[in-house]
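These protein sequences, in sequence, are chains A and B.
Each number in my numbering corresponds to the 1-based position in the first sequence with 60 added.
Each number in my numbering corresponds to the 1-based position in the second sequence with 60 added.
Check the hints yourself; a few may be wrong.
If chains are identical, the list can't say which one is meant, so a pair holds when it fits in one copy or spans any two.
Claimed, not checked - Heads up, simulated BS3-like pairs for lysine-lysine below, C-alpha to C-alpha not over 30 Å straight-line:
id, residue 1, residue 2
1, 507, 450
2, 132, 356
3, 343, 132
4, 314, 132
5, 356, 450
6, 498, 399
7, 450, 328
8, 406, 450
9, 83, 133
10, 399, 133
11, 83, 450
12, 132, 328
13, 132, 406
Hints listed in this document are in silico derivations from the structure and should not be mistaken for laboratory results.
Please read all numbers here as calculations on a predicted model, not as lab measurements.
There are 2 protein chains.
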Amino acid sequence: MFDFTATYTDQYQITMSQVYFHKGLQDETAVFDYFFRDLPFGGGYAIFAGLEDLLQAATNLRFDANDLALLKKEGMDAAFLDYLEDFRFTGTIRAAREGDLIFPNRPVVSVEGSIIEAQLLETLLLNTLNYQSLIATKASRMWLSANGRTLVDFGLRRAPGTGGYAASRAAVIGGFEATSNVRAGRDYHIPISGTMAHSFVQRYDDELEAFRAFAEIRPHDCVLLVDTYDTLESGMPHAIQVGQEMAARGEQLKGIRLDSGDLAWLAKQSRAMLDEAGLEEVKIAVSNQLDEHVIKSLLDQEAPIDLFGVGTSLVTGRPDAALDGVYKLAFANNEPRLKLSENIEKVNLPGRKQVFRLVYPDGSFYGGEVVGLTDEPAIDVMYHPTEPEKVLDLERFELQPLLHPVMVEGERTTEPQPVQELAAFSQAQLRHLPDEFKRFENPHLYKIGLSQALLEERDRLMRAHRGG
Amino acid sequence: MFDFTATYTDQYQITMSQVYFHKGLQDETAVFDYFFRDLPFGGGYAIFAGLEDLLQAATNLRFDANDLALLKKEGMDAAFLDYLEDFRFTGTIRAAREGDLIFPNRPVVSVEGSIIEAQLLETLLLNTLNYQSLIATKASRMWLSANGRTLVDFGLRRAPGTGGYAASRAAVIGGFEATSNVRAGRDYHIPISGTMAHSFVQRYDDELEAFRAFAEIRPHDCVLLVDTYDTLESGMPHAIQVGQEMAARGEQLKGIRLDSGDLAWLAKQSRAMLDEAGLEEVKIAVSNQLDEHVIKSLLDQEAPIDLFGVGTSLVTGRPDAALDGVYKLAFANNEPRLKLSENIEKVNLPGRKQVFRLVYPDGSFYGGEVVGLTDEPAIDVMYHPTEPEKVLDLERFELQPLLHPVMVEGERTTEPQPVQELAAFSQAQLRHLPDEFKRFENPHLYKIGLSQALLEERDRLMRAHRGG
């Protein structure tokens, strides 16, 4: 894994901190909110991921000797360098649960601490959460499409450098069962998967000889790649021959893999050939430029596929490539803070806030959340954020708070959870979400409302800034 | 940086290696070629990057105790685990120069070693070279557009996790001057850059007070962000006031930054206001969703911009997200190897090869390369790879070999070069490339030809595989 130090950040976090330090503001309390503006992939929800990695990095964040030497060379003064040498993140973090559904324009994480500490965490937080949430969301969409079939991450070779390491973890949170990435499997305790490449078949003069060699040495885990020469004329007959030889030895050919051609048609033909040969137990795996739409199409065509290996589109989050998460100042200088915008939807929500999900008595989700202030008493109604004449009575809902303390004054308050538990939680949450939010085409809009106190606070600050 | 171990790979590399090991093939020589099939971004060239990181990782690649424990748990046998414990990469690597122009369907790197060592390097190589080359290519396109203006990488917050670390390096190879990523700056010796965010301005009740605080503490490096409230009505007048106060103290306001709105129009207005106030030396920096096309458009409109800060599109390589580089077996089992395909353009080039660039006597590039066998005498003509009746006489060209040994039997044979030298080399190469290959719309196709010996070798193997 990466040896994060506190210079894993944008330079301006350090220059601003230097100013705050010399202005005597190093102990001033600030609150920053992490949120995003647009759901990726044109979808109706996103999945939150990356929190565990963030908390681990934040716990150990230090300026090491190399960092300090660099900053000295960059002209930082001695008093500030002394401060940085002692830097620890001692703030408080409240966050959505990893694996939970997240939606735009409301806090997903809230960081409260000294203004310098909170500022110095920003880039690490954005870098970790934006990417892992994007990948978990992409994975979750494929999990919906795969409808119970197995999904495996094959992405490392096309992954954005070492980003591929965390992508494997995020993929599991979103619903993938395993990864080809051995190192990620090792460190994150994810099942690993993989058998043979074309190069293995090519190394031999004869495809049958290659298959036999593999079956001999790895009889317990033999998935034969059948498209090196000709899938139906060569690969499948050879695989069936080896499958039957294995059966005669009391072994079991586990599967065949298709990596080119028309996967729906080839899967059907291959299934028929296997069944005809008495190899009904042999699974069919496919790979090659898959994404949620291709997987859905293959299953809509009733292709008899048991396992999907997904690479590029998973680990790059294609076509979106980035979640647009931001980290905005909500409180400082002893007051809630606002950033104005011509567009009222881009004006941030000031102050310390909580987000409540609206849940029906049967546990299903209504499809909306209300944002209030943390010191606000019970919230009965919510207001549309830009058309406040639209009011929704909340009496019929349970209001589930979404932000939970995960770090208090620099100390973690929760245990790391196995990634499979996060995946199970994520899938359970998704089951509570109505189908209209899960479809790929024009999903229903998940609502956001403001409490009366938050609405009034925002409007008061807007008037003040505009000199009203 | 990441602590690479030999499990930073796909599981199937290890399972195939186990088979080779037990089949007594561990010392068999294999040659693999790294190449890609499609130029990213619809462009006419790509830039090679990532080699230095690959060589460093390959030099130190080991299965550590945690790796071996995992593989034991996965059922790998004791004899093979003993082999892995002693695993070192002792192969030979020939590669294009980092920063050089690269083109599709011809080797960019050639790896020769024992079949297991060469196979175990595959995923690390692809992961490193595919991503860094994608980003260097994206950066190079922006360098063309920026036409001498400064480019700075602002991407870490939107970068794919720790992939953003190497992206900063690749960006410099492609023509960026600096990065906001302090850690990458530290480790790769890249200039770092960054001053203030909106949160800094918001922290104060008054924009002017915020600007004055910054100018007081960082007078030598003061770039004021002017769009927090209203760029022309508030941000610019306040910046000008602070710039004049600084001038009165004998200091120099370095610049202002625009991060929203119509950047062309705002830059022109801001430039006029600065000049009017006698602040002609103050630079204008812009950021916000830039890419090569936006930069070109801004300069086509004669926007007086001195510096472009680029984030998401740089570090994600949007819209392509991945370079489709592959690693194909070209020699094993004492013979050149071929992978057939229905599409002759996807049939790989067998055997040990060299690539020669066709260069005119004046040093400019013709726009094509010929691929031959390493043991082939002088190449006089080249043949179109799929229409061999098309022949080009090479007499008028110098043939510059592109693959150079960088590792011989596991030992590096070249020194690491400063990344700025790689950038200078890249820009020099780009100057030799005719303009038709550098335009963004329908660039000219850079040719590939095969030598007579390679063409005959490929066709012989195709006939043999097809039983002809």
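Here is what the structure says about each hint:
For the homomeric pair residue 507 and residue 450, the shortest alpha-carbon distance inside one copy (12 Å) is at most 30 Å, but the shortest distance between copies (63 Å) is not. Taking the closest pair of Cα atoms, residue 132 and residue 356 never come within 30 Å of each other, the shortest separation being 55 Å inside a single copy and 37 Å across copies. Only between protomers do residue 343 and residue 132 lie at most 30 Å apart by alpha-carbon distance; the minimum there is 26 Å, versus 60 Å within a single protomer. For the identical chains of this complex, residue 314 and residue 132 are inter-copy neighbours only, at 21 Å across copies versus 59 Å inside a copy, given an alpha-carbon limit of 30 Å.
In this homomeric assembly, residue 356 and residue 450 never come within 30 Å of each other (Cα to Cα): the closest approach is 38 Å inside a single copy and 44 Å across copies. Proximity of residue 498 to residue 399 under the C-alpha cut-off of 30 Å is found in neither arrangement, the shortest distances being 32 Å within a copy and 41 Å between copies. For a Cα distance limit of 30 Å, the shortest separation of residue 450 from residue 328 qualifies neither inside one copy, at 53 Å, nor across copies, at 42 Å. In this homomeric assembly, residue 406 and residue 450 come within 30 Å of each other (Cα to Cα) only inside a single copy, at 19 Å, whereas the closest approach across copies is 59 Å.
In this assembly of identical chains, the alpha carbons of residue 83 and residue 133 lie at most 30 Å apart only when taken from the same copy (22 Å versus 56 Å across copies). With identical chains, the CA atoms of residue 399 and residue 133 are never at most 30 Å apart, being 34 Å at best within one copy and 54 Å at best between copies. When the C-alpha separation of residue 83 and residue 450 is checked against a cutoff of 30 Å, the pair qualifies neither within a copy, at 44 Å, nor between copies, at 73 Å. In this assembly of identical chains, the alpha carbons of residue 132 and residue 328 never lie at most 30 Å apart, being 66 Å within a copy and 37 Å across copies at closest.
Within a single copy, residue 132 and residue 406 get their C-alpha atoms no closer than 38 Å, and across copies no closer than 53 Å, so neither meets the 30 Å cut-off.
The structure does not agree with the numbered hints 2, 5, 6, 7, 10, 11, 12, 13 stated previously, though it agrees with the rest.
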